[in-house]
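Q: Here is how the chains run, residue by residue.
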Amino acid sequence: MEIRSMHFVSRVRQRLDDTELQRNLQRTRGRNAAARLASLSSLDDFDAVRARATDIRASVLRDLDVWLERFEAEATRRGATVLWARDGDEACRLVIDIARRHDVKTVVKAKSMVSEEAGLNAALEAAGIRPVETDLGEYILQINDNEPPSHIIMPVIHKSKEQVSELFARVHGTAAKTDIVELTREAREKLRPEFLGAEMGISGGNFLIAETGSVAIVTNEGNGRMCTTMPRVHVALTGIEKVIPTLDDLATLLRILPRSATGQAISNYVSLLTGPKHEGDADGPEHMYFVLVDGGRADLIGGDFEPMLRCIRCGACMNHCPVYQTIGGHSYGWVYPGPMGSVLTPLYQGLEKAKDLPQAATLCNQCGVVCPVSIPLPDLMRKLREKQVDAGLRPWSERLSMRLWAWVAQRPALYARGVRLAVRYLRWLADGRDRIQAMGVAPGWTAERDFPAPAAQSFRDRYAARRRAGR
Amino acid sequence: MSQPPHGSRGEVGLFVTCLVDLMRPSIGFAALKLIEAAGYTPVVPDTQTCCGQPGHNAGDARSARALAQKLIAEFEGFPCVVAPSGSCAGMIRTHYPHLFDDDDAWRIRAEALAAKTFELTQFLADVAGVTEVPGDFVGAVTYHDSCAGLRELGVKRQPRALLDRMPGVEQRPLNECEECCGFGGLFSVKYPDISGAIAQRKCDNIRASGAGTVALGDLGCMMNIEGRLRRIGDEGTQVIHIAELLAGRLDPD
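Residue numbers (this note's numbering), protein chains in the order written: chain A, 1 to 471; chain B, 1 to 253.
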């Protein structure tokens, strides 16, 4: 997917001014957070499960190569083919090769964020292969002129049912419906023949289990199961970091993933797919492939940002982010929005292409607190800010003012004089009032709120005067 | 329990914070009064300036380390250090040690200081065990939990417990009280429209609480919330630092 994060500020402005989007964001705000909180009560000891989940993900990353080799060996032993892609483009080429080899005309797709990274749908279309998104949200976006998702697990959270109703009526040529059940039925009627007719299904993968060579898929709609069992060919496309050692580890992670994501104790479907159809199996694909994508992941191993690879894509960070919930997912300009996206986008796409993302965060740490695998997201954003400074990507005025501030603050006598000067300047700006309404040094502040006038004398001066007076 | 005699419980280093020093000295004097009333002798090192948080959050690690070293040297001699700010106390307590991951000598000093540094209400409730509060405010008050105090230091119950000691205060719940107010330091200046939209939501919740007064523990959030309220024409809702509320009337100069 082409990155647009460099236009963050203007994209945000558009979305703040979009009253319909703002209404939709307001309506869903806090809903997932509340559901998550309610679902945690059914865990005996959330902190212990979280610590275990964190440990599973952290330890697998320490020996990622070993676990990937184990996964490849086990998957191959069970009849699947494991292919490796250095980046999204290579992943697209591999998938297209597979499709051509098996004479595929139509592909049904279950949700896969890695396919968004790779821009797979566009590549398939260019190769004359028709991709059909079958996750309801992704289907809605696809028929809306390939709109990108705005959330990693609820891709159309930015739309109202009225907007979907209008879209369905326009694209399907049917009478407008407002009942969600009816709208869903309409989508199902459109998708059912696609499941039956497609020669190939593509899924993502929530986890790759090394000991069995299986892929685990966590879904709510059942489309994932259709995509992976009905067509002749199944391709599971996911990132190399998704591997975990054992089925026991899967059990732990499944206790925390749906709860963190949607507040469900367990999702409607958990599919565990191991190899193609074997003799005697009632169903399943004749051919099973894994396309495992690096796409910048391997470079993070062993460095400051390795903890980011623990991410299990639950979306809890964005569901709790005051910024995400105010500006919506499209503002971020690439595949992954919210706090996890603000860390991943500059790492995968280049610091210079996403300069705003690590900066546009209040560092409130709601994301860090709710992350089921304890990723210190605000710390990683701070580290990215450091990298920006080191790479000369921050404005010189900002770098200079930080240095100057620290230089003066290390010299108490000079600092005290600076404070006195600042008090006088701010009080001059306030001009006898208790507040300042326009301020040249920080126009951003007074664009949105008043700035209070400081007291006539700083704490240090008043305190010193009191001490002199013997009080 | 009656309060112990003044000064009998030892010295406490008060880190006033740069923002309180510059903008609202009364918060610093309120903190002095509360620490004294709890039986301690507050000491204000006169060379203190800034904890280094602006540099830390702006990616200027060198500046952050330089100011951290200065503050550590100024305050490590005290048995206890208090700041009327969850964000500055959080900087010292949770971030200082990591600034020196590659420097054992400084990391050990940073860890030692971190272990004895407290946000004001945390100090009063958990360390001093204060049961009497001098403030005499009368009215309905709601409380906004500032992010760093809440999530870095676990300040939640302490300010409310202290407000419970004030018979005139009627505490009202605040919807989304743990949500960020949109301040975020320089974020508020760099991304004013996002910050303003988040602050607006906070103000709407505060006004809906029906309290008329919102108390909080950080001057940054306070300036953001008060500034937004005034900008939207709300002259009535009072925004007050928890230190000022608890301390009540201060001696005139």
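Among the clues, some could well be false.
[Unchecked claim] Pair ranges (Cβ atoms, derived): (1) Gly432/A <-> Thr47/B: 25 to 35 Å; (2) Arg62/B <-> Arg77/A: 49 to 59 Å; (3) Leu414/A <-> Asp102/B: 27 to 37 Å; (4) Ala73/B <-> Gly350/A: 50 to 60 Å; (5) Ile108/B <-> Asp248/A: 35 to 45 Å.
Calculated directly from the structure, the hints in this document are not laboratory data. Note that CB positions come from ideal geometry on N, CA and C, so glycine has one too.
Q: For every hint, state whether the structure bears it out.
A: The hints, checked one at a time:
{"no.": "1", "hint": "Gly432/A <-> Thr47/B: 25 to 35 Å", "in the structure": "holds, 33 Å"}
{"no.": "2", "hint": "Arg62/B <-> Arg77/A: 49 to 59 Å", "in the structure": "holds, 53 Å"}
{"no.": "3", "hint": "Leu414/A <-> Asp102/B: 27 to 37 Å", "in the structure": "holds, 29 Å"}
{"no.": "4", "hint": "Ala73/B <-> Gly350/A: 50 to 60 Å", "in the structure": "violated, 40 Å"}
{"no.": "5", "hint": "Ile108/B <-> Asp248/A: 35 to 45 Å", "in the structure": "holds, 40 Å"}
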